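Letter by letter, the chains look like this.
Protein chains: 2
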Amino acid sequence: MQLLKNFNTLINRLQSLENRKKVVLVCPNDSHTEYVINRALEEGFVDFTLVLGGTRAPFIDRFLADYPDHVTVHETATPDDAAAYAVKLVHDGGADVLMKGTLNTDNLLRAVLNKEYGLLEKGHVMTHVTVVEIPSYDKLLVFSDAAVCPRPTDEQFKAILGYVLGVCRSLGAESPKVALIHCTEKVSEKFPHTLSYESMKEMARNGEYGDCCVDGPMDVKTACDSDSGAIKGISSPVVGNADALIFPNIESGNVFYKTLTLFAKAETAGMLCGTTAPIVVASRADSGESKFNSLALACLADKVNK
Amino acid sequence: MQLLKNFNTLINRLQSLENRKKVVLVCPNDSHTEYVINRALEEGFVDFTLVLGGTRAPFIDRFLADYPDHVTVHETATPDDAAAYAVKLVHDGGADVLMKGTLNTDNLLRAVLNKEYGLLEKGHVMTHVTVVEIPSYDKLLVFSDAAVCPRPTDEQFKAILGYVLGVCRSLGAESPKVALIHCTEKVSEKFPHTLSYESMKEMARNGEYGDCCVDGPMDVKTACDSDSGAIKGISSPVVGNADALIFPNIESGNVFYKTLTLFAKAETAGMLCGTTAPIVVASRADSGESKFNSLALACLADKVNK
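These protein sequences, in sequence, are chains A and B.
Using UniProt numbering, you'd call the opening residue of the first sequence number 1 and step up by one each time.
Using UniProt numbering, you'd call the opening residue of the second sequence number 1 and step up by one each time.
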């Protein structure tokens, strides 16, 4: 499988799959969600179950009329009922991907975390993974965590590394190169995450994560620019050529995300990992395009948590 | 005074000043430092004292011959002797700015922190301030701390805010707008820096920092893009129009610095604040241009710590 270099080739990959992905969408009421549904049906890689929560937007009947074989509608009374129904559907194997429409993320997550029919198995760690297309970088770059884990513990870092590698492999990286981010190369007890980094590298060297190369701590520039590595005299397959970055805390991950989208014309996709199926919970400030990319990513990487 | 929008106008401002700035440079041995000296002499806003530490690069005599009125050379035996001599010169009022050439930052800082003739007065906080010119932002943006304070305490945050405001005013911002960065707008005990942010805002409202507007927590996009603020329904003079950003920890500041320079074609200048004179300690990976910008910034903002 060839390495996917941008979101267009990611869509093409989805179109070449034998089966369409089954996506359950909770409360599709707003125009961004309408755009996402429309685009995914046009591109032809999704069958939708649209779960309504007391509101039936005018576009629902248009999609039912235009794509009767690929759209199913289920009506419930409230957004919370819609969330519960959708989560159960994923739980019972009726959908590959869960996507949030117009309801609060907290309300959807309450259903996702339900002990009986929820999607987070005991001992698993829920985290957010972003994939970004940067005009000046020659491949898609995966990173975590910009949105969910504030200060990953040792165990959480190890889980995050697993999900990030899974996403990289879904994108066609056979031996993903992962950079563990800090501001310097020094490992120190003053920065406990650098100690977690040491044990992640040890596990990777021992083959516990399959074929991959994990290195760090290093800064963003060393990870993504070979000149910087050369000046610092650092030699590693990861330096200047990272497929993925793991950030030490939520603030640094979030700064990376916001800086790239605002100042570097980057396009993003994001999803929750660690649950039994990927969950798309794009935020209001994301563009329709970004939400569509997120759905496409989740469809391609739907086996990442298995 | 007009707001400086880029580094070119900053240089022009320095050229328009009545007196040249006095810069003492420790161990000028490498080609980047040669570039900086040459450029500053050509632009005509600096008088240099070059303190040699056992090495006399060939370009030293050329500068002495070409600019006899603006270059003084002092020879010492070792880099540590050079550092001590240069720091004492600043301490005794013989220079406005201290700049590092080819020696380890740690060796220079040992002299800077000397109890007898050093430059950090009791109770002051040393911090790093960066100024960045981003092609897609319409003015110079000031931020801290990408390099020195790992996890600012309440007291350190308050000092950093003072230095950042001083740099903004040196750049011509009469009422600087400062954004306190986090990944969300929520203030919470789970993130102690957001509690520091509350007391900084309170002090700013009480006039303790002069004319300015300090707001947050908010993310980078909300601080620098008015659309993001509008979508989130946040209204503040800072939103979308920040003159300066204060980061919660060194990793997020460093990620901002590296991401901008690598992916957004940004040009930077940086210096240490909190000491009795600004100190330029550019790192090996910085370009000659960036080192020259740093010197120019330190010359313009040399009164920021007074």
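Check before you lean on any hint, since a few could be wrong.
Since the list can't tell identical chains apart, any single copy or any two copies may satisfy a pair.
Claimed, not checked - Pairs of lysine-lysine residues, derived as BS3-like cross-links and limited to a Cα-Cα distance of at most 27 Å, are as follows:
1. K22 - K88
2. K88 - K190
3. K190 - K122
4. K22 - K115
5. K158 - K190
6. K115 - K190
7. K5 - K139
8. K265 - K139
9. K22 - K186
10. K5 - K190
11. K122 - K88
12. K303 - K265
I should point out that these hints are in silico values taken from the structure, not numbers from a laboratory.
Please read these numbers as outputs of a predicted model, since none were measured by experiment.
Status of the hints after comparison with the structure:
{"no.": "1", "hint": "K22 - K88", "in the structure": "within (14 Å within a copy, 72 Å between copies)"}
{"no.": "2", "hint": "K88 - K190", "in the structure": "neither (44 Å within a copy, 32 Å between copies)"}
{"no.": "3", "hint": "K190 - K122", "in the structure": "between (31 Å within a copy, 24 Å between copies)"}
{"no.": "4", "hint": "K22 - K115", "in the structure": "within (24 Å within a copy, 69 Å between copies)"}
{"no.": "5", "hint": "K158 - K190", "in the structure": "both (20 Å within a copy, 23 Å between copies)"}
{"no.": "6", "hint": "K115 - K190", "in the structure": "between (37 Å within a copy, 25 Å between copies)"}
{"no.": "7", "hint": "K5 - K139", "in the structure": "within (4 Å within a copy, 33 Å between copies)"}
{"no.": "8", "hint": "K265 - K139", "in the structure": "both (15 Å within a copy, 18 Å between copies)"}
{"no.": "9", "hint": "K22 - K186", "in the structure": "neither (45 Å within a copy, 35 Å between copies)"}
{"no.": "10", "hint": "K5 - K190", "in the structure": "neither (37 Å within a copy, 38 Å between copies)"}
{"no.": "11", "hint": "K122 - K88", "in the structure": "within (17 Å within a copy, 62 Å between copies)"}
{"no.": "12", "hint": "K303 - K265", "in the structure": "neither (29 Å within a copy, 37 Å between copies)"}
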